[in-house]
Amino acid sequence: MTAKPPFIPPPHFTLHPTNLPLPPTTPPPKMKILTTNYLTCALRACKSHPSSFPLHFRDAELQQDSLPFNAAFIANILPRIDWPALLTTATELGFTGLPAEKPDLLATAEMEADEGVGRELHRILLETQVVEGKLVCGNCGHEYAIHQGIANFLLPGHLV
Amino acid sequence: MSRPEDTLPPDLFYNDRESQKYTTSSRIQTIQTSMAQRALSLLSLPHPSLILDVGCGSGLSGEALTASEHTWIGMDISASMLAIALDRETAGDLFLADIGQGVPFRPGTFDAAISISAIQWLCNADSSHVSATGRLARFFEGLYASLKRGGKAVLQFYPKNEVQRSMITGAAIRAGFGAGLLEDDPGTKNVKVYLVLTVGAGAEEGGAEDVTNVVRGLEGVDVIDERRKGRGGGRGGEDKKGSKGWILRKKEQGRNKGKVVKADSKYTGRKRRPAF
Ligand SMILES: C[S@@+](CC[C@H](N)C(=O)[O-])C[C@H]1O[C@@H](n2cnc3c(N)ncnc32)[C@H](O)[C@@H]1O
Ligand SMILES: [Zn+2]
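Order-wise, the sequence lines are chains V and L.
0 is the number of the first residue of the first sequence in numbering that gives the first Met the number 0; add one for each residue after it.
0 is the number of the first residue of the second sequence in numbering that gives the first Met the number 0; add one for each residue after it.
Looking at chain L on its own, in the form it has when it is part of the complex (with noise of 0.2 angstroms):
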């Protein structure tokens, strides 16, 4: 099955027809709300708090915020999708917005921020010229600035392979946050991945505490930090020289350089044939 973010922008994507069918599956309904109710978990907010929601569609996952007594504040790109999160009535105030385009909130904004299966979309470069690395850096730059000191974001998202992984990651922890990344059911057709990012308290203060701590203390974290140069959570090691992993990071540093490297295929990395 080809990946919707590789056919077309989202905003056209998820017209009146496709929004609808989104919404009113139940199997969608039922895995969109256990993901929201996971990262909401993960957030784990001692108050009500207010929470930004990137990519809140027609408000599947932040119906579950809602249940939870949270309020919350939605940005999507799709007018047809929140038209739909205006017929179920949702708690949220919603926002047309492209993420890509920064996050319009002053500093501090936020106690926190859910993502549900929307943030690989940037990876897609759209029509406005914006390279994918740029569009990824102004939105976690504008996440960043908009979340409260010792604020906390789960993102869930679906990386189409390990440079979309590593991508979003590194923009991550180049935005300034702490950052890991947690799995459920890995290595199955159904695994989930959650990027779990802070905004360090002590950082500001001489960096005296290291903000990936408060990430270590979540239950079932990897922590990436700069020692490991963001590189996928739980992979021991650097790769070799080389390597298929190797080639797939040079890349992506070339590629934040704004470098044009070659795109990846099934045959990165292998071994060439001795030709005659």
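This is chain V alone, in the form it adopts within the complex (with noise of 0.2 angstroms):
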């Protein structure tokens, strides 16, 4: 029996951080919830189409982190959330826990005494993470690859 030989890269393979297993101490990268709420296809034909947004997810895989609460963004960020689009993210990522309206504002002190909205908004709109996964245009249908959290939004030439 011989033994199997090493594994030698060849010439073209370079070893890119991007495709390590990072140690196993170190907190996977990920995507916000957030995020997605801002985020729209990048063709340009179809930033008119409503079907084009939010975009969806598919095979996503989640990661709950924990982040100190901060009431003054929460406040400053509510009205720029398109709520409906909200709704059906967290329904694709199965949370159910958010109220059906866009609740009102509340004032920064409120919030933090409270432990209500604001905060489920904070936990699910920042510390509910994208790891890997998809994005995909209801419009056209194009994906976008996210990869240890990051979203590649890179068009191909003959979409640009």
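Hints may be right or wrong, so weigh each one.
As the list claims (entries may be wrong) - DSBU-like, lysine-lysine: derived pairs with alpha carbons at most 30 angstroms apart:
(1) K133(V) - K159(L)
(2) K191(L) - K46(V)
(3) K147(L) - K101(V)
(4) K191(L) - K147(L)
(5) K147(L) - K188(L)
(6) K20(L) - K191(L)
Derived from the structure by calculation, the hints contain no laboratory data.
Each of the two chains sits in its own frame; use the hints to bring them together as a complex.
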């Protein structure tokens, strides 16, 4: 019996850091749900089609993180959240705890004291993150791969 | 020293080796951090904000945003730079994307945007057969739309020459921005140029307020507005017909219209010797 020869990379093979498994202590990199509420298909022709937003998750691998609660930030971004789109995304990812209507803007101090919707938003928008998966445009069908939390939005030349 | 953007496209220039070298240089770390802090202070954001970092690289500029409790999203065309950002565990969400293809966020997403040492790369046409002017237009139109009304952007860049400077400011103004240029350490080899942009708050409602007033309010900013046709701030008056500045401007106008014009050289606009 002969031992398996060691793996010698061919000359064109580069050890790219993104291909390497991270040491177990490092938390995996990921993308916040908040970001997906602002993201659109990169194809210009899609921007005017309602079916292109929000992009839909496919095969999403999630991770729950723990981040300091920043009430002032939630208060600042809440008006810019597209609520129906957030409900769509949350449902796709299996979250059902959100109210059907966008909650009224709470004062920062109130939110800090309250255990309610501000913290729930913090949990879903900032602490829930996508590690791997795809985002798919409902209009053109283009798939944007997410690998190690980084979404690839480079368009091939013929689509630009 | 040759400029990197004259040698290779950015995704090839910033390969694994170069990205590592760039990010671990303590000199670069210091400069990038201080420029990002300068940009942030020019933005003077009242709340913890959502900020786009254009050409975020390995996250040196973004880390200054995190330090001030802002949340940021970064776009970069170099996978190697982004891989280092991952290793450094930067807090921002990262996108592998080409800003010359646009900015894929819905209208009004960001409170503000910064860009540190990146947008001069757009002045070089890449392999995509789209002209530099076309890529600049896509970028600034996308940036304009993605900022909320009243939003601001501060973009530090290294213009190679007067033509690039006006190519970039011109593209920003055409996209609808109120624009100003700020120079730190002018006239030295450490000069730093910041393009300060505002998305006019009052402009939509009938243009009662001149958007450039917003920029004018910022300390140390030279306002470029349409009356000066978007040429470099601070230079009083128009260039004399036939002068080098005038020729460069005409050529730029030609380029913007898609014309092919002769490359600029040190001889541009010089008096020719009489021929015998
Ligand atoms: C000098 S680095 C600056 C990185 C970071 N902002 C910092 O301060 O360290 C310039 C960055 O711009 C990026 N870049 C150049 N052209 C780009 C493009 N068309 N789209 C996205 N990023 C681009 C490069 O990949 C590179 O990471
Ligand atoms: Zn699409």
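Going down the list of hints, with the structure as the test:
no.: 1; hint: K133(V) - K159(L); verdict: violated, 39 angstroms
no.: 2; hint: K191(L) - K46(V); verdict: violated, 36 angstroms
no.: 3; hint: K147(L) - K101(V); verdict: holds, 20 angstroms
no.: 4; hint: K191(L) - K147(L); verdict: holds, 27 angstroms
no.: 5; hint: K147(L) - K188(L); verdict: violated, 35 angstroms
no.: 6; hint: K20(L) - K191(L); verdict: holds, 22 angstroms
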